[in-house]
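Protein chains: 2
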Amino acid sequence: MLYIGIDVGGTGIKGGVITEKGEILAKHSIPTGAGRPYEEVISDIANLCFLVIGKAGVSIRDIQSIGVGVPGICDPATGIIPFCTNLGWHNVPFISEIHKHIDLPVHVDNDATVAGLAESVAGVSAGSKSSIFITLGTGIGGGIVINGRPYSGIHGVGSEIGHMVIHKGGELCTCGNRGCFERYSSATAIIREARKALPDHPESLIAERCHGNPEEIDARIVFDSAKDGDTTACSIVNDYVQSLAIGIVNLINIMDPEIIVLGGGVAAAGDFLLNSVREAVKPLIFYKDMPYASIELARLGSDAGIIGAALLGLHR
Amino acid sequence: MLYIGIDVGGTGIKGGVITEKGEILAKHSIPTGAGRPYEEVISDIANLCFLVIGKAGVSIRDIQSIGVGVPGICDPATGIIPFCTNLGWHNVPFISEIHKHIDLPVHVDNDATVAGLAESVAGVSAGSKSSIFITLGTGIGGGIVINGRPYSGIHGVGSEIGHMVIHKGGELCTCGNRGCFERYSSATAIIREARKALPDHPESLIAERCHGNPEEIDARIVFDSAKDGDTTACSIVNDYVQSLAIGIVNLINIMDPEIIVLGGGVAAAGDFLLNSVREAVKPLIFYKDMPYASIELARLGSDAGIIGAALLGLHR
Numbered sequence: 001m002l003y004i005g006i007d008v009g010g011t012g013i014k015g016g017v018i019t020e021k022g023e024i025l026a027k028h029s030i031p032t033g034a035g036r037p038y039e040e041v042i043s044d045i046a047n048l049c050f051l052v053i054g055k056a057g058v059s060i061r062d063i064q065s066i067g068v069g070v071p072g073i074c075d076p077a078t079g080i081i082p083f084c085t086n087l088g089w090h091n092v093p094f095i096s097e098i099h100k101h102i103d104l105p106v107h108v109d110n111d112a113t114v115a116g117l118a119e120s121v122a123g124v125s126a127g128s129k130s131s132i133f134i135t136l137g138t139g140i141g142g143g144i145v146i147n148g149r150p151y152s153g154i155h156g157v158g159s160e161i162g163h164m165v166i167h168k169g170g171e172l173c174t175c176g177n178r179g180c181f182e183r184y185s186s187a188t189a190i191i192r193e194a195r196k197a198l199p200d201h202p203e204s205l206i207a208e209r210c211h212g213n214p215e216e217i218d219a220r221i222v223f224d225s226a227k228d229g230d231t232t233a234c235s236i237v238n239d240y241v242q243s244l245a246i247g248i249v250n251l252i253n254i255m256d257p258e259i260i261v262l263g264g265g266v267a268a269a270g271d272f273l274l275n276s277v278r279e280a281v282k283p284l285i286f287y288k289d290m291p292y293a294s295i296e297l298a299r300l301g302s303d304a305g306i307i308g309a310a311l312l313g314l315h316r
Numbered sequence: 001m002l003y004i005g006i007d008v009g010g011t012g013i014k015g016g017v018i019t020e021k022g023e024i025l026a027k028h029s030i031p032t033g034a035g036r037p038y039e040e041v042i043s044d045i046a047n048l049c050f051l052v053i054g055k056a057g058v059s060i061r062d063i064q065s066i067g068v069g070v071p072g073i074c075d076p077a078t079g080i081i082p083f084c085t086n087l088g089w090h091n092v093p094f095i096s097e098i099h100k101h102i103d104l105p106v107h108v109d110n111d112a113t114v115a116g117l118a119e120s121v122a123g124v125s126a127g128s129k130s131s132i133f134i135t136l137g138t139g140i141g142g143g144i145v146i147n148g149r150p151y152s153g154i155h156g157v158g159s160e161i162g163h164m165v166i167h168k169g170g171e172l173c174t175c176g177n178r179g180c181f182e183r184y185s186s187a188t189a190i191i192r193e194a195r196k197a198l199p200d201h202p203e204s205l206i207a208e209r210c211h212g213n214p215e216e217i218d219a220r221i222v223f224d225s226a227k228d229g230d231t232t233a234c235s236i237v238n239d240y241v242q243s244l245a246i247g248i249v250n251l252i253n254i255m256d257p258e259i260i261v262l263g264g265g266v267a268a269a270g271d272f273l274l275n276s277v278r279e280a281v282k283p284l285i286f287y288k289d290m291p292y293a294s295i296e297l298a299r300l301g302s303d304a305g306i307i308g309a310a311l312l313g314l315h316r
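Sequence lines, in order, name chains A and B. Just so we're aligned, residue 1 is where the first sequence starts under my numbering, counting upward by one. Just so we're aligned, residue 1 is where the second sequence starts under my numbering, counting upward by one.
If we strip away everything but chain A, and leave its shape as in the complex, we get (with noise of 0.2 Å):
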């Protein structure tokens, strides 16, 4: 059989039709056109299953299921989004709405909880019993995989790991909470610092590469400026990977999965990032002589998102 996959982002919403090994048959991209009315985000979102169905060369009666990632959450019990910022949506009767359109099983996640699971079918973590992914983007969101299936706990409220706190009073974050984990371990929070550093240091590598202008700064100008030695980019990044790495070890503590995978924007910083985390979580381990959490980098970059909602249909 073969499965529908949707990923809703702010600005595009992905489609697939892929097979049960994680393989894409067909894919296509739309607009969000976020702040529309919902029902005709949902309507779009019915077209789109017609047409990679369509573009796939298969029938409807080919797909077992549809699976959805929203960057927020829905309810199981209800099949509505409670809410979703990207979109504006509050209390969204996402379910009941696509099927006015569309006759199939719906199943809707959190984005980062199927990339996750996408992952760990058809990526790094591909075998393995538990795993966490963690997207390092805007914010961060996390992806809980407990033998073979997604873990979003028993309200479906769990895996918001980007609002673990790792700073009691720290940095005020987006949910009205200080010090939560993606205040500091996000691509947000490089470019704050960055920001920050700029004034102080215009001889710094970050300077030249945004120009001068604060505005233009990305974590990939930290990156690479930290790469090429820049001592103040290297500071920023050796902030980041200690709370990056104090994040980690918190959830090896908590949850001890198999692997950890490191995905979304910063962890396209590659190995060099995926070195240093490595070097910082050694010294923060609890249990010294016990083996732990490999940590890796997510494979299947921004595909995860079609995969992993596909998957739903199966491994949920």
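Please note that a few of the clues may not be correct.
Unchecked claim - Residues from chain A that face chain B, not an exhaustive set, calculated with beta carbons under 10 Å:
#	residue
1	S96
2	I146
3	G148
4	G156
5	V249
6	E258
7	Y287
To be verified - Rough simulated footprint, nothing fancy, chain B against chain A, three-plus residues with beta-carbon under 8 Å:
#	segment
8	113-127
9	216-227
Honestly, the hints are just simulated from the structure, not real lab data. Yeah, the Cβ is synthetic: ideal placement off N, Cα and C, and Gly gets one too.
Starting from the known structure of chain A, arrange chain B on it as the hints suggest.
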């Protein structure tokens, strides 16, 4: 069938014969005699098993297995306890050693994990699908139960929630890291803060209750003084509860259990603690429109150790 449960503590070792419902048929305690060669302690544990079998009026043939809760962990692959601080144990081959004396299957797990299992079978979280037990004692231990089974992760090093960092760069912990949860939310933390406050607040009820001797301060004195409205004690308890709430909300954001159970010495503060914690957790919750874990006090008291250890044979 019946099960033997052994609860190994730093000063005493308790044993009991337990039914599959968690009822105690017989129990007995012996001193640990920590510091002796591990062979002697384990020989005493084997004899304690025979003693409680006799006391229960049953035969060894009625016993399915022996479960042991230790203040440490046991490598499930080797049966070796890598370390167990209170007993001064390091790489003790527990299972092979006890098998020199008694021929029954042996399961070993962390003491907080088995207490959590006990509560989830015969205590406050009975019937729940997932729970996290938090022991608030000298340190903080965690017992995670998912789908009725104790969860210690893939390498057996999980559920060490006391060493989740909630305050980057904060108080130095016995584990070598800084800012661990147990530095802020254990009985030790309350006592430390009360001792710090004492010189500046000789008028406090804490000073009266400890007869001016900081060495006499325990968590109970601080909570009793707070219940009586003492300003110094209220301030200490308030800080304590805030940190405890942060740790609890971190666990909710990551694992989203059905119930969080508070046990250990500090939980003796009862409803005064429970109500404060529930109030402090509420504003920190991420998905404010969604249901989240109920927070409850443990019910089984000091018997949880032998009950949960015994039940390892049935639920692992």
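So, against the hints stated earlier in the document, which numbers end up violated here?
1, 3, 8 and 9
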